[in-house]
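Chain D: place on chain X using the hints.
Listed below are the residues making up each chain.
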Amino acid sequence: MSVLTEKVMTRDWGKPGQHAFKGYQERGGYQQLKKVLTSMQPAQVTDEVKRSNLRGRGGAGFPTGLKWSFVPSLEKNTKPRYLAINADESEPGTAKDRFILEYDPHLLLEGIGIACYALGAHTCYIYARGEFKHPSAVLDAAIADAYANGVFGKKLMGTDFELDVYQVRGAGAYICGEETALLESLEGKKGWPRLKPPFPAVVGLFGCPTVVNNVETIAALPRIFEKGADWFARLGAAKSGGTRLVTLSGSVKRPGTYEVGMDTSMKELIFDKEYGQGMPEGRSVKAVIPGGSSAPVLTADELEVKLEFDAFKPLQSMAGSGGVIVMDDSTCMVRSLWRVARFYAEESCGQCTPCREGQPWMARLLRKIEEGRGELADLDTLMQVAQSIAPWPPIGLGNTICALGDAGALPVQSFVQKFRKDFEDHITQKRCPHGDKPWGTYGEFQ
Amino acid sequence: MSEPLFTAAEQKRFDDEIAVLLSHYPNDRKSASMLPALRVLQTIKGWLPPEGMKLVAERLETTVAHCYEVATFYVMFHTEKPGKYVIDVCTNLSCALRGAEGMLKYMEQKLNTHAGTRGEKYFLRETECLASCGTAPCLQINEDHHENLTKQKLDALLEKLS
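Chains X and D, in that order, give the protein sequences. Note that the first sequence covers residues 1 to 446 in this note's numbering. Note that the second sequence covers residues 447 to 608 in this note's numbering.
Careful, some of the hints might be misleading.
Below, computed lysine-lysine pairings styled on DSS-like, alpha-carbon distance capped at 25 Å [said to hold, decoys possible]:
1) K15(X) to K227(X)
2) K567(D) to K551(D)
3) K239(X) to K253(X)
4) K430(X) to K368(X)
5) K7(X) to K50(X)
6) K418(X) to K567(D)
7) K527(D) to K606(D)
8) K154(X) to K476(D)
9) K551(D) to K597(D)
10) K133(X) to K491(D)
11) K491(D) to K189(X)
12) K227(X) to K50(X)
13) K437(X) to K599(D)
14) K606(D) to K133(X)
15) K189(X) to K551(D)
16) K437(X) to K368(X)
17) K239(X) to K313(X)
18) K599(D) to K133(X)
19) K599(D) to K551(D)
20) K556(D) to K437(X)
21) K491(D) to K430(X)
22) K34(X) to K15(X)
23) K551(D) to K368(X)
24) K476(D) to K79(X)
25) K155(X) to K34(X)
26) K567(D) to K530(D)
27) K606(D) to K189(X)
28) K22(X) to K155(X)
29) K437(X) to K606(D)
30) K530(D) to K253(X)
31) K530(D) to K133(X)
32) K430(X) to K418(X)
33) K476(D) to K437(X)
34) K551(D) to K437(X)
35) K22(X) to K133(X)
36) K189(X) to K476(D)
37) K599(D) to K253(X)
38) K273(X) to K253(X)
39) K597(D) to K530(D)
Calculated directly from the structure, the hints in this document are not laboratory data.
Excised from the complex, chain X in its bound form (with noise of 0.2 Å):
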């Protein structure tokens, strides 16, 4: 068994005013950024991250230091640079970055700290999903505290770098989670991503270099310098340093946000009583969307997958976000994936042809079959549909801008490939075959 035995993001979760500066600052908050200012070089705090196995927590688990390294040197290129943190957190399934926000504020703002000193940033941006009127509230009192008390401003910790910290709101719009979108959104404009290249690295917001990095990633650098980069990259797995944050929900008995070690399996985190506490009494696993809805489904046979980075790779999934959302075996495969591909089809951006057509005519399809109109035929349409916006496997070689048209994809493949008896018997039987009870044990509303 592979329990967490130590929390590392979630320690001081819940403890009396860990919001604000005074709670954090008596549990050792900011020393770490004062460390970091006063005796490392910027290149060494990289150097640091690189070591620690740090991994993007938003989705696509990119090398945090390797990103970083991507800026080019103040010599090349003499533009202010940035740093954009990604609070846009909207993949379906997923509810971690808001409660980092709730509960530790501060320590996603040392991590800024820390990070805006290794990019030599003297800007940050925070954006934060127009929906998170609360945590938004909470971060915005966290900010003015921490200028209050001389951590931000002309004068960071009372060194003589320079950093300014704003939130910024977002509006309701999935695509600006995407990080060139989420820059165009940041210069005030309706959230269209960018082609890539060039990468932000080297032209990111008003054409300066920036990084855009995920909450729950920065809010890791505190924990990075206290214990060590070593610490942090042995207490992960494989390359994929510390912990991670995973939302668990859907058909178990008890969903929740939960921190989990690397080496925690599938099957842990759904059955552990640490954890999700296992199925409905009498019900076992139909499907697991492993890492936001985005992510393709697992069966019940591949659970035993850690829930570490690289282990989603010979499934052909990924860890994605953490969003996990499990559905028992009464729950009907063909209107969860109607209800995943509505919210692809409503949250295209419009700006690519084969995303911004092929997502509301696959969630059509799956209407028609879902109400028992379908034909054999609408199957092979929908795989077509799917594969022309991104063929799948592997995942990545999507014929859009950004990942949005992939995100909508996965799913319709893994789904009909995975279930396929289940979408012939809608076909055949010209119905639902759970009738007016298509969302499992718990979905009824009482």
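Chain D alone, transformed into the frame defined by chain X:
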């Protein structure tokens, strides 16, 4: 004479908040503050009236078309009066597996409306994932978040809406 857009107090609030926003961006990038500026206007007026959009465009040194392009892209901006209570119900997968569809139907009956229809009092609508997946089902009323909802909890919430 049409009524002025703002009262004196509202005008001051608008001016002050826009000035703070502009200080967060480079001088030649005033229009970068579009999203927060529209939020200021909407917070004061409850929606984005056309005269207000003109004012935002002036202050941000951009066009009214730019304001509308942004306002109509993001679902939280209202270019039409939205009703007194905007109720956003998440029906995405994690919430649906915990009863969200039934919750939406229950609310349609209780509030005597259809999801997606703008009423004077209620604007009930389906929304996408609100990052409350482990605490489903959830909804937001005028952006205030409520989670782990049951019939009992929902009844108590709706009773408070006058």
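Okay, the hints, checked on the actual structure:
no., hint, in the structure
1, K15(X) to K227(X), "holds, 21 Å"
2, K567(D) to K551(D), "holds, 18 Å"
3, K239(X) to K253(X), "violated, 32 Å"
4, K430(X) to K368(X), "holds, 10 Å"
5, K7(X) to K50(X), "holds, 22 Å"
6, K418(X) to K567(D), "violated, 46 Å"
7, K527(D) to K606(D), "holds, 22 Å"
8, K154(X) to K476(D), "holds, 22 Å"
9, K551(D) to K597(D), "holds, 12 Å"
10, K133(X) to K491(D), "holds, 18 Å"
11, K491(D) to K189(X), "holds, 22 Å"
12, K227(X) to K50(X), "holds, 15 Å"
13, K437(X) to K599(D), "holds, 23 Å"
14, K606(D) to K133(X), "holds, 20 Å"
15, K189(X) to K551(D), "violated, 36 Å"
16, K437(X) to K368(X), "holds, 18 Å"
17, K239(X) to K313(X), "holds, 13 Å"
18, K599(D) to K133(X), "holds, 20 Å"
19, K599(D) to K551(D), "holds, 16 Å"
20, K556(D) to K437(X), "holds, 22 Å"
21, K491(D) to K430(X), "violated, 51 Å"
22, K34(X) to K15(X), "holds, 23 Å"
23, K551(D) to K368(X), "holds, 22 Å"
24, K476(D) to K79(X), "holds, 18 Å"
25, K155(X) to K34(X), "holds, 12 Å"
26, K567(D) to K530(D), "holds, 5 Å"
27, K606(D) to K189(X), "violated, 37 Å"
28, K22(X) to K155(X), "holds, 19 Å"
29, K437(X) to K606(D), "violated, 31 Å"
30, K530(D) to K253(X), "violated, 37 Å"
31, K530(D) to K133(X), "holds, 18 Å"
32, K430(X) to K418(X), "holds, 21 Å"
33, K476(D) to K437(X), "violated, 52 Å"
34, K551(D) to K437(X), "holds, 14 Å"
35, K22(X) to K133(X), "holds, 23 Å"
36, K189(X) to K476(D), "holds, 12 Å"
37, K599(D) to K253(X), "holds, 20 Å"
38, K273(X) to K253(X), "holds, 10 Å"
39, K597(D) to K530(D), "holds, 22 Å"
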